[in-house]
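Chemist: Protein chains in written order, with my numbering: chain S, 1 to 359; chain U, 1001 to 1360.
Take the hints with a grain of salt, since some may be wrong.
As the list claims (entries may be wrong) - Here are the simulated EDC-like pairs of lysine to aspartate or glutamate, each with C-alpha atoms no more than 20 Å apart in a straight line:
(1) U:K1107 <-> S:E193
(2) U:K1107 <-> S:D184
(3) U:K1110 <-> S:D184
(4) U:K1107 <-> S:E172
(5) U:K1124 <-> S:E172
(6) U:K1110 <-> S:E193
For the record, the hints were derived by calculation from the structure and aren't laboratory data.
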Amino acid sequence: MVRLEPRRQHSQAMVYLSPVLAILMTLVVGGIIFAFLGKNPFDALYTFFILPINNSYGISELFVKATPLVIIAVGLAMGFRANVWNIGAEGQLTMGAIFGGGLALYFHDSESILLMPAMFVLGALGGAFWAAIPALLRTKFNANEILTSLMLTYVATLFLSFLVHGPWRNPEGFNFPESRPFPDAGLLPIIFEGSRVHLGTAVAVFVVIAGWLLLSKSVIGFQLRVVGKAPQAARHVGFRQKRMVWFTLLLGGALAGLAGLFEVSGPIGQLQPSISPGYGFTAIIVAFLGRLHPVGILFGGIIMALTYLGGELAQITLGLPNAVTGLFQGILLFFLLACDVLTKYRIRFGAIAAKGRTA
Amino acid sequence: MNASLVKRTLAAVAAVGALATGMGAAQAEDVKVGFVYVGPIGDHGWSYRHDIGRQAIEAELGDAASTSFVESVPEGADAERVIRQMAQTGHNLIFTTSFGYMNPTEKVAKQFPDVKFEHATGYKRADNLSTYAARFYEGRYVAGVIAGKMTKSNVVGYVGSFPIPEVVRGINSFMMGAWSVNPDVEVKIVWANTWYDPGKEGDAAKALIDQGADIMVQHTDSPAPLQVAENRGVLGFGQASDMIKFAPKAQLTAIVDNWDSYYVARAKAVADGTWESTDTWGGINTGMVEMAPYTNMPDDVKALAEETAAKISSGEFHPFTGPIYDQTGELRVAEGEVADDGMLLGMDWYIKGIDAELPK
Chain S
1 MVRLEPRRQH SQAMVYLSPV LAILMTLVVG GIIFAFLGKN PFDALYTFFI LPINNSYGIS
61 ELFVKATPLV IIAVGLAMGF RANVWNIGAE GQLTMGAIFG GGLALYFHDS ESILLMPAMF
121 VLGALGGAFW AAIPALLRTK FNANEILTSL MLTYVATLFL SFLVHGPWRN PEGFNFPESR
181 PFPDAGLLPI IFEGSRVHLG TAVAVFVVIA GWLLLSKSVI GFQLRVVGKA PQAARHVGFR
241 QKRMVWFTLL LGGALAGLAG LFEVSGPIGQ LQPSISPGYG FTAIIVAFLG RLHPVGILFG
301 GIIMALTYLG GELAQITLGL PNAVTGLFQG ILLFFLLACD VLTKYRIRFG AIAAKGRTA
Chain U
1001 MNASLVKRTL AAVAAVGALA TGMGAAQAED VKVGFVYVGP IGDHGWSYRH DIGRQAIEAE
1061 LGDAASTSFV ESVPEGADAE RVIRQMAQTG HNLIFTTSFG YMNPTEKVAK QFPDVKFEHA
1121 TGYKRADNLS TYAARFYEGR YVAGVIAGKM TKSNVVGYVG SFPIPEVVRG INSFMMGAWS
1181 VNPDVEVKIV WANTWYDPGK EGDAAKALID QGADIMVQHT DSPAPLQVAE NRGVLGFGQA
1241 SDMIKFAPKA QLTAIVDNWD SYYVARAKAV ADGTWESTDT WGGINTGMVE MAPYTNMPDD
1301 VKALAEETAA KISSGEFHPF TGPIYDQTGE LRVAEGEVAD DGMLLGMDWY IKGIDAELPK
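The shape of chain S in the complex, shown without the other chains (with noise of 0.2 Å):
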């Protein structure tokens, strides 16, 4: 029989150094995968990890990639740690979009300085608005946050659909579903000339300094990190479990929300029925990948941006099918599971020790 024994003391270097050995066994078994696909591996791997990035072009793409799932990621972090399972990012994300980019095609002709400012508040209270309902439902009614959370994501979805498709459609757009460009006054400034690298990449490392801040030496973030590891201690000495839900899930929504009105008014810059895909699901892995971490938030979502760009690569250069980028994704985050559980718990062969056994 084989079984895990929880570790009693687990080397605190192997939490840090477990993505990284993830890392570095997901390129040897991809090697491997590729080698059966018939490709020299290490021109496979050159192609998927370092090609994308041999260029400025191709690092500013990263960064563009990244951004929204790092923003995404840092919020989502907050209300996992203190056990608050917000699923719905991409909902949040899309009423991020709604809200902010509402206000520029309200203001379509506007060359004000002030849009711009106000489109990150309204982006960010158009997700913090959508988490909202679950805070609520989950607060007043004890309604599982998972599931209000994720079915709003569809709500969002269609709701956006139902814009561009109606009220919100470009008048100039022979009747195709998307929403008028939007003014440049509402749209993000570039960072670096000839790329595609804009305002909100500043803000997301802005917000993974925040993020990291609020965690360890903020009171709440204090806060968060005892509800989510000893809930019954931390009901002993009378935090509320509530603020604590209502806190994480407001900021991840509203966090959620800004990095969708980012995509929009950035690398997109309209409303179409399809603004993201599928950033508010990949963060959750980067929130994991990244330790719940700000800062390995930061290195995660630029890994996982990178899978991105790799597997275009792959498919441009190598004739690989898109499902590569699925697979790396797929067996890092096997990979990473498994070292975690290697780190906190031991295999034992053979049936349970004897009784009354100690270290």
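Model the placement of chain U on the given structure of chain S, informed by the hints.
Modeler: Below, chain U alone, put in the same frame as chain S:
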């Protein structure tokens, strides 16, 4: 080191060098064609047919052309990067095969004036950006005629993707075809709000059959609705490709997208240096719209379908011939006149007699 080894090494280096320059020269003349697909190439519908067209280029041009593709590219921020990567990796002809790629294609086309771009189903053009699409509504009219003849319950189920002009035009054309042979036909429409989601498409088909539909029409890309028709013992039409494999007893015909000859012609034009920016909207007569073999129907219906398709192909008949009224009773196309392409391209109204409301 002896002299002969040095000589041999030098010779080898020279040979490799010659080979390399030779390859370089060949590559400069070659056509490198890139394709961006919105779905997986295994959708057996839209993206699948574009990929068949890509393979036609390889078969026809042989060593003179190489092709590559990226599948399942979301119609958002990612499209621009993929298109740009293709332009940067030496592709000189790039087909972007979904409406949502229009703005990114236009943007990248501006940055790469020497690369030729072709965008399917859009309306933005430039000196190095062509558009192309097919008049699928012609095939839908033929399908309508068949449905009008074959239905017993007089209820047709229609699985739509999104209420965009392309799809609305198809519904109108289909119903005009059906009513031309059977004025009692009614249509029930379900919007799946997706181009490709076999689960959702299949559910929509089941709901329609439960409401009495005995003919299944779809404007989504997977064979799922037709497979449901096959399982439930009703008839239906294939979409984008010949789906007879999936429904040998149910498929009446399929409206097949055939991009092969267009893609081959455009690739050859790039090779010859004769490529020009164009706006192509090809119908049955150009081969872009093809009817799959007529099956599971009596000979007289088959003959009628063939005749209708032939008349449309020759230009003798246009599906959108007036008088055409919309649902409010307004005359949109006068008697004896034919709807112009502008009206067809922006169609956002149902014809009179369709008992449904267009989602706004």
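Chemist: Checking against the hints above, which ones are violated?
Modeler: Of the numbered hints, all hold.
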